[in-house]
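K.L.:
We have chain A; now place chain B onto it with these hints.
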Amino acid sequence: MSTFRENEFHLLKALAEAEEGLLVGELATRLSLDQSLVMAAGANLVEAGLAAMTEQTYQEYRLGDLGRPLAAHGLPERRLIEAMDRAGGSATIAQLPDLAGLDKKGVGQCLRFLLAKGWAEKRGGALELSATGRLALSERSPDELLIARLAEVEESTDAELEEAGVDTAAAMKLLLGRKNVVRVKKRKLRYLEATEAGRREATTAVLRREVNQLTSAMLADGSWKDVDFRPYDMAAETEPLVPGKAHPFRRVLEQTRRVFLEMGFSEIVSPFVESSFWDFDALFQPQDHPARDMQDTFYLARPGRCDLPEDEVVEAVRRTHEDGGDTGSVGWRYRWRRKLAAEPVLRTHTTACTIRALAADPNPPRKVFCVGKVFRRETVDYKHLPVFFQVDGIIIDEQASFASLLGTLEAFYRKMGFDKFQFRPAFFPYTEPSVEVFVYMEEKQDWVEMGGAGVFRPEVTEPLGCRVPVLAWGLGLERLAMFRYGLEDIRQIYISDLAWLKETKLCQ
Amino acid sequence: MPVVGIPVSLLNDRLAADLGRDELIEELQHLGCDVEGYATLRRFKCRHCGNIMEITETQQPPVLCRRCGADFSSAPQSLQSLGEGDVIRMELLAVRPDMFDPGGLARTLRAYLGAERGLRRYELAPPVARVVVHPDLSGDLCPRPAIACAVVRSVALSDDIIKEVMNLQENLHWALGRDRKHASIGVYDLERVRLPELRYGAVEPEGISFVPLGYDPADPTSSLTPAQILREHPKGVEYAGLLDGFERYPLLTDGDGSVLSMPPIINSEHTRVTDGTRSLFIDVTGLGRRLVGRTLNVLVTSLEELCPDVMVEQVQIAYPDGEMVTPDLTPQDVDLDVEATGLLLGVDLDATALTDLLERMGHDVAPGGQGALKVRVPAYRNDILHPRDLMEDAAIAYGYHNITPRLVPTMTVGGERRVEAVSRLARETLCGLGYLEVMTLQLTCERRCYDAMRLERSGDHVEVSHPISSEQTLLRPSLAPGLLDTLTVNAHREYPQRIFEVGEVTELADTDTGALERRRVAGVIIGEKMGVTDVRAAAAAVLREFGWGVRTCTAPLPQFLPGRGATIIADGEAGEREVGVLGELHPEVLDAFRLRHPAADFELDLTTLTGER
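Going down the list, the protein sequences come from chains A and B. Heads up, the first sequence is in numbering that gives the first Met the number 0, so the first residue is 0 and it goes up one at a time. Heads up, the second sequence is in numbering that gives the first Met the number 0, so the first residue is 0 and it goes up one at a time.
With the rest of the complex left out, here is chain B:
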């Protein structure tokens, strides 16, 4: 999870309460924030492009501008220090993007602490601008159908606030946008956008050219086609994957036909936001109307919290199937049953108490009849899918620390799986014989479990399609190679060594998932004068403690010396069944595991013995 640094001063300015430093952290934790603690950040500004960069106390000041690439080591005067400030560092709570910035976080805290209950209202000016959405965007040629826009006027942004807005934009791309795939945000200088009518359309890869953000408009080679941008521009290369399979590319143009952006890749240089920008045009494009709308709602309401003087103006969106306006801050109405909420939380709640809790989470609440409340959920909340989500809001407002833990009063009788009881008997027996239990990795490779064991590569195993390493490509079909690996790493320890493992092996099988685990026990001994008789005695001891007799039959098993390998046949009430193998390991096997002493092993299938899966 990304970590955000919330400037303490910006937060405190917006809290209608005076909280101590520790108290603030405690309240944030009660709200579900994963707080790391306080830290001091230093901020720098690039005098070339206005980009603001943050470093922690242990980091060195930047030598290059991350946005325009200006070199500060050769031109230190282009790096302006903006001083330092305390921040609260916390992990982003992906489901609550409305708490990513100091404005939104303060809004949540004000309500939670009771200073400003209920739904926060924002004034919106009626639309002047209109965006016409071309039908191509809903088709297969260029599937990025949704767009939401806003105009923000009277913007007077300080450097601090600009940095917060930049951070918020980036974090919204991560949390709601899935790295711009589901939603990507563009911010433009409104003065450079010709209103009222804009067009969100699809363009041929070579159908237009414009100067992308960061390129010099004076240089005639700066004007690139969309295809060129995807090949050459750093952002184009980074995000080209989002337009894989697109035959045309999304393009937002204004009344003059000049380009605002090619979503979700890059804005034009022409509409770049500068220090002098006083009004903004904002768009969010993506795959679904609900999500782009919510993303825009989070952004504009946090902007209003960060700079209360701004005026947000709606934009008319003309889809082929109808018109709508964005941002749409109409609350979402949810009916919540009072009794069901109290029962689910295990807390005594009446309508008054529940109303109080929900108001402290920023909702408006009205009586809904039949024991229900009508809850009006703010339009910047994207995580209320079901009334159950409001029950959690109520629980958080109540405070998890105030809930009295108790147990379910219903009596149930527990019980373990039989194979676990049998496994325990096997462990007890082998420990009694002086064997040490080891645990080895479930993932292995063909080289280890076939080649090194002198076995044919059978293919009768579960194989992963994109392994992390060539050592871990399949689920082990046998325990023996893991035990031999353990002997390898213990070559310098005292001999003889006796180890065993109880664990699962996996084989392909005719089940609903196509595979099946079997519980096995395997043991190995290594050292001079150690041999088949020792492991046969151990395997027989295990079977005897299960109540089974044992018989071994010489078998041509390649991992063992010829004439020194056998199958193990258990003999019980249900008759005889083959349950495993044992033998003295072939010198080539020992060599493959770099073992320098004779060794013998056995492996028994407990699943066959218990008949349980």
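For reference, chain A alone in the conformation it holds in the complex:
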């Protein structure tokens, strides 16, 4: 006794009941199954030696798109011989269109069929009806018979046509030069028949159910054991799914923060609206410095002015600007104005944040950093935005040195994924010595400037009560993101195309 899945079971029963082989199409109707499923079940039975499959091929004929008009109006060459007959058995080619009611092109196209059928012969410039042609006037040629038959029955097999008295072989030969008049397809008839073994097996066969879905009920009553699970196409593609994701630039910002946290830095914050004092004056930038120009810095209509810190600090900064104060510097040698220092600006760099932190607590050891937005009066284009992110950090330490600044920068850039650096001298108003970091970009085959750094000038640190070296650096972060994501236009970061957000991979 064997068990069978549903389709095989019913098919075997049906085959065993029949005396002889059955057409697959008929089995499909009988079993209410799709032909393809009958074939699949049949193939399984054949493989098990329970059934045999035989095939019979035949041709199926139908009229093509150009066949219908021919069936309706008759072949043009017939119209020609009829016209020639009316004209006394001969006509010049020039006369034919009028005589036959065809246009010149139509006549030209059917001449070769006329001649091939031997219905007419050329005599000088004229055509003359041949003996065959005269015979044809009363008898239809095989191609005409085929077209007429197909117009009647829509489709027909070669056997049926033969029965109807159509010489299909001769007809198809005549139609050789006429495309799309009659379409022929090779068809197969498949028969399934039970073998002896099949007939024996059918008497004892047992049905085994096959299911698509495993259900909670099956798990509860254990019936999953009595059924088969139809296999799925495990190679099939699925719809792409995109998770909710952090913005690609956010991942750069978070990586930057994480790197400094890993290196033992504390995170600090300061306001976007900043006094000129903390943004410029405390950093020893003279009050007529071009960076403070209205062209480059956003000054504010509201709020109108900022409070300055306690007088002691303001006074120390004033004196340092004017003549160096107690710092040993010669200063900038101009009259410093408190009013200008109280003017609010949108902070132009996050160094405003680190210098505030330094002033709040100048005592070593301290390591702090800030990742935040800064503002420059830039017209928006593919590489400039009026708002962008910077990271700034400082180290206040008795043992800090220019060499440890270079080491800190190197550690940072290594963690950000770069491994070739150059340190080049640079100038910034508030650091001395100053350095620019270049990293080697394989994609560009060149060194790219990544950020500026230095040791805060004594003119910066001493008025704020700090007497140990302070290492400082600042870096724009959009640039890093643009390299990482291959962006050509910085605006892409802030005017987000959702397709880009979805496509950018988390690993990038």
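Do not rely on the hints blindly, as some may be mistaken.
Unchecked claim - As a list, the in silico EDC-like pairs of lysine to aspartate or glutamate whose alpha-carbon atoms are at most 20 Å apart:
#, chain 1, residue 1, chain 2, residue 2
1, A, K504, B, D33
2, A, K244, B, E419
3, A, K184, A, E151
4, A, K443, B, E493
To be verified - Reference listing, derived: stretches of chain B covered by chain A, where coverage requires no fewer than 3 residues with Cβ under 8 Å from a Cβ of chain A:
#, stretch
5, 307 to 317
6, 341 to 355
7, 399 to 407
8, 531 to 540
Calculated from the structure, these hints are not laboratory results. Please read all numbers here as calculations on a predicted model, not as lab measurements. Built from N, CA and C at the ideal position, the CB exists for glycine as well.
P.N.:
Okay, now just chain B, sitting in the frame of chain A:
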């Protein structure tokens, strides 16, 4: 930064070393020069006025003289080709004007490469000429008090050198002069100047007339008053702003009372330098004596480097408060502590090593006692304000590439801000709910954040005083408009869309700067069948992950459909507090952002939740 092209041949002639092309670039980079690379320049000379023009390989020869306006397309014979030459293109290092020209740059390189250590000395002839400075220039009528002058004799300038001097003058105006405001340079034909006594005075706007440079002295209408020059002469119009608020104008005249120049605007035609000029009178006027003196020092010492045959002669300057001579090339003495230098740089240095480094940066060095060195800084250096600046010079001579990077040995414990940790939780929650994070611009405008949102213009925001565009006039007071903008640009993408942003909004506040940032999170969803329940669920999920309960109260919020807006009240250990709003956006709001599907949003204030600023 402007870019300068240093002719390779002029530079190499003055280097006492044979450097390969790449080697030269490397050494310049070690000195802090931002080198772009080599290029070929073609030079042309205007036969009318002697002006020399440079073009790069990709540019077309000039059709007009930029100085006298001669038209070369109709008279090609007036344009003389001076041939071409290789230059090193580099960005000007504003703090080192003494390296702007091939002469000064070669001087730095010779010392740095060890061929000519220590202070470079220049011979100066004693003064013959004297400039009397009128007290008016120190007052409010005409505040341009400082002047420094020099006489240069035995000048035989080739076209190449003339171009270098012209470039240097222009670049000094940029770097030290702040476009002539702090210092402006005038160069005159000494033969046309009546010595010995000149006068630097102040003149009424209509008090004199003279023919300005470039005007035809034969034409009687060429003689202009200072006021006319400011109105009519191209240079007058360009620089008139420098004399804003002046009731009188600076004027430099010679012994005959004829005009040399009206600083900082224009020279007279009478004293124009020509091909035949053999001696020069030079002045630098400006706001401070130190700066005009340094500017003159850079100019005359570079001139000496460019044409070693010249003789520079000092000029006596008679200020109302005393006499001095310029150029004054007395070195600046700075004491430098050897140990402090080594500690700051993180490099092992003794007095001998440090002396060697400083000599290679062009300074003279002598022992100064108590572990210090007495450093004599050249008078053309304007950037040594503090001994720290010499430490940088030493570091550059040592070579940044030779310093071993290390880390500060002190242990510190780091930590993030609480609001960042909370922001991360909000992002994780919303990403888990299928929202995409976006970032939008911090600057926005009233039309977007009030009008489009159906809100009253409150004025409770930070406003910039001179915006770049009418789209960016204020710091955003809310995140919602930026999110809706993002939906607008994504109108053609698949719906529904769920996006969020975590970021700062700014409000006016009683702080030292008058404003305050708040960290917010906002989310919006758009699409058919999307609504208030979806955003309420999302906002509640965020608050729940923070450990807060949530309650919403219907509120009349104009940006939402009536009856479909609410305030969000968070409920935690510290009690209830209002932390945000949510609702289904009003069709007029959707229309203002050109959105064609229903949408709902929420906005939560994380600063209120964490209580941290």
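K.L.:
Work down the list of hints and note, for each, if the structure agrees.
P.N.:
Evaluated hints:
no. : hint               : verdict
1   : K504/A with D33/B  : violated, 36 Å
2   : K244/A with E419/B : holds, 17 Å
3   : K184/A with E151/A : holds, 19 Å
4   : K443/A with E493/B : violated, 35 Å
5   : 307 to 317         : violated (count 0)
6   : 341 to 355         : holds (count 5)
7   : 399 to 407         : holds (count 8)
8   : 531 to 540         : violated (count 0)
Hints 1, 4, 5 and 8, counting from the list given before, are not met by this structure.
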